[in-house]
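Novice: For reference, the chains in residue letters:
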Amino acid sequence: MPWNRNEMAARAAEELEDGMYVNLGIGIPTLVANYVGDKDITLQSENGMLGMGPFPFEGEEDADLINAGKQTITELRRTSYFDSATSFGMIRGGKIAAAILGAMEVAENGDLANWMIPGKLVKGMGGAMDLVAGVGRVIVVMDHTNKHGDSKVLRECTLPLTGKGVVDRIITNLGVLDVVDGGLKIVECADGVTEEVLRAATDATIV
Amino acid sequence: MPWNRNEMAARAAEELEDGMYVNLGIGIPTLVANYVGDKDITLQSENGMLGMGPFPFEGEEDADLINAGKQTITELRRTSYFDSATSFGMIRGGKIAAAILGAMEVAENGDLANWMIPGKLVKGMGGAMDLVAGVGRVIVVMDHTNKHGDSKVLRECTLPLTGKGVVDRIITNLGVLDVVDGGLKIVECADGVTEEVLRAATDATIV
Amino acid sequence: MKKIYGSASEALDGVLREGMLIAAGGFGLCGIPELLLQAIKDAGTKDLTFASNNAGVDDFGIGILLQTRQVKKMISSYVGENAEFMRQYLSGELELEFNPQGTLAERMRAGGCGIPGFYTKTGVGTVIAEGKEHKDFGGETYILEEGIFADLSIVKAWKADETGNLIFRKTARNFNPPAAMCGRVCVAEVEEIVPLGSLDPDGIHLPGIYVHRLIQGTHEKRIEQRTVRQKETA
Amino acid sequence: MKKIYGSASEALDGVLREGMLIAAGGFGLCGIPELLLQAIKDAGTKDLTFASNNAGVDDFGIGILLQTRQVKKMISSYVGENAEFMRQYLSGELELEFNPQGTLAERMRAGGCGIPGFYTKTGVGTVIAEGKEHKDFGGETYILEEGIFADLSIVKAWKADETGNLIFRKTARNFNPPAAMCGRVCVAEVEEIVPLGSLDPDGIHLPGIYVHRLIQGTHEKRIEQRTVRQKETA
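Residue numbers (the numbering used here), protein chains in the order written: chain A, 6 to 212; chain B, 6 to 212; chain C, 68 to 301; chain D, 68 to 301.
Simulated from the structure, these hints should not be mistaken for lab results. Quantities reported herein were computed from a predicted structural model and do not represent experimental measurements. Glycine included, C-beta positions come from ideal geometry on N, C-alpha and C. Hints are not guaranteed to be accurate.
For each label pair, taking beta carbons as the anchor points, the in silico distance ranges come out as [to be verified]:
1) B:R10 / C:K202: 47 to 55 Å
2) D:R136 / B:K125: 19 to 27 Å
3) C:L263 / B:K125: 44 to 52 Å
4) A:D23 / C:R251: 41 to 49 Å
5) B:K190 / C:E162: 41 to 49 Å
Could you build all of it, start to finish, from the sequences and the hints given here?
Specialist: Written out as structure tokens, the structure is:
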């Protein structure tokens, strides 16, 4: 049985090690924060904050305290605030150990597409291009196939890229794949998913 | 009678207007602060401070509070501190209205030499190259001639440059000269100094 | 040298002109110069280009200047949540230059710091890199991005003193410092002007040298996505 | 993930190696990582290159590593006040790369911010520009300067919390933040480690993400030029 959203998030949380500074994208990546357990993880919000806390209790929302998804959040005892140039300085400078992001497409060479579909409304890349270019390790978490059942893990991306050769690891509902020389390597299959099922669902070279 | 050091500083202080942010170099330029009177001038110290106050009273020196000449100083109610990258960002970005600096040589095209004499001990340019490249207006205050009686205002600098075409105005013990198209223009002679004396002491084109 | 003005309109008097480039602080609706934007709407200045991470929503932030067709072009990283923006963009009435968020922030800081260009890895191999100079450093390829030199900066801070020293609050700091740095003139709106000497000199986020005009006002500070959690019951 | 170490020597254990590039904070003798410099002397690591605005004085700051001949090269803007420095430099024992002070600070920040190169007007037409790429922007000529990517940063702050969030005091901030940013590993020494939560999140000068190891110690904080004024008598 493939992993559900929470199981994918829990699997992604295993990627995180004690002491890491991490940036979580919107969607399933946001859920990863629920599964870090005892590990000492500091979350960055790229609009200018390290040490992002949980959502506020009702009535305690603060208009001056939001995350990169524009949601109201809270601070922690370790929190620091800084401006956007400093924030992306630390992203571009490789100070963030890992980013866990959603994607529309990932290619076997690590290319990532997650910001625009030509012909559809274009909202913008926000901080995604900076994150994939700068952070130490880029982990994509997404469903393995789109709603038509087509693989989102591809030989080549068809959509405009967010970054070229930037993805290190892909975690989908079917399993975990690493970007290696020559293609993708299966690291792990989801519970009850066979390697054959994973290969069949993947439109990319598996080495 | 030529101006003395304090008169040169007083004349330089006339260059400053209300509301200006100003950087003063070491030597005579430091004395300019004594002559700003009621004008609202904010002094920058390029090691990371705006709103530099006077020297501390004895016993009130603070090792964490020095100016760019490494002298102990004090803060004012308007003071702000920042790091060196930010400090020189504001210098390079043209936010400092004027710098008043000493010089070894100034040429009629605005070239300035004030950081090294080949064959002598080289201490370094410190922040001088950034200041002359970045601030809005560069005013040199220096003796008109060196100890051998040779003009320090020249057709061309002979010493390694601090900046090319950067000087706007020269204030010496003999008078005030502006760098203009084609050479230098006499703005003012020191009390009792005739234009002939000033011309004779100047080894540069006066237009 | 008085920096304090009586109102947003007075603070903008003489600095607005058609076709100018304005750098604006704020992220989403957080920390935006809402009073100054309203005053620009009141002034009716046209053909403006905004360097701003977002474009507000339909009825708040830069969105109010889209409704009055005062904006010719946006330099932004993300312009969702704004139907009027999309309508004008798709109909060709509005120009749009997408910048990656970090590139936009750094372009503003660079402009303010006298740096006309810098190299970044962000966007290499994407549509963002098209037409830009590529250069290798240490075996890796980077693209050249240029500093933004704005005609005017408008920013929102929490507190100021009369010399324009500013402090911001929490994530409302965001693009405000870099936006303030890159303008030839910078106008700031704050929630409170405090007596000189009451801000900690070690705690100033943006020194007054960057701030030319200053107003105090009341801010709506709208929340875009109100998200809460439930209190656990014992 | 403990960042706090018991001593400067322990904090440097495993990170020192011959021939490495170290970025050091401080301006003159103000805000220098004096305890870490002493520990490097004790470790005896040789052939070091320092990116540091100054070289200390003969018996304090980086000067103590010149006496032990541990320094191969300095990247600095001003190296006066140091007789031993001059002796080694003039005899060819010590390499020296002069950087304008602002260029040095920006090169450190750039390295820390993933910017391998930037353009500046500083030094155009001088010896500093020789051999560097020149490029025109808007009709003016600029030179390309490269980011500094240090193997190790050593900095001195006033206070820290256990996550490495740092605050500095007055002009002792200077080169410390940019130096901290540009190192692959950064070790900080502070006067006091305060309980988590006691630093104002809006007042952190350098977030803990930049600081990998941390020690608390007693600092001499020597004054280079003691200048005072007389109290006026009534």
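Novice: Please go over all the hints and tell whether each is borne out by the structure.
Specialist: Now the hints, each set against the structure:
The supplied range of 47 to 55 Å is met by B:R10 and C:K202, whose beta-carbon atoms lie about 49 Å from each other. At about 25 Å, the CB distance of D:R136 to B:K125 agrees with the hint of 19 to 27 Å. Taking 44 to 52 Å as the suggested C-beta distance range, the pair C:L263 and B:K125 conforms, at roughly 46 Å. For A:D23 and C:R251, the Cβ-Cβ distance of about 48 Å falls inside the hinted range of 41 to 49 Å, so the restraint holds.
For the pair B:K190 and C:E162, the beta carbons lie near 46 Å from each other, so the given range of 41 to 49 Å is met.
Of the numbered hints given earlier, the model fails none.
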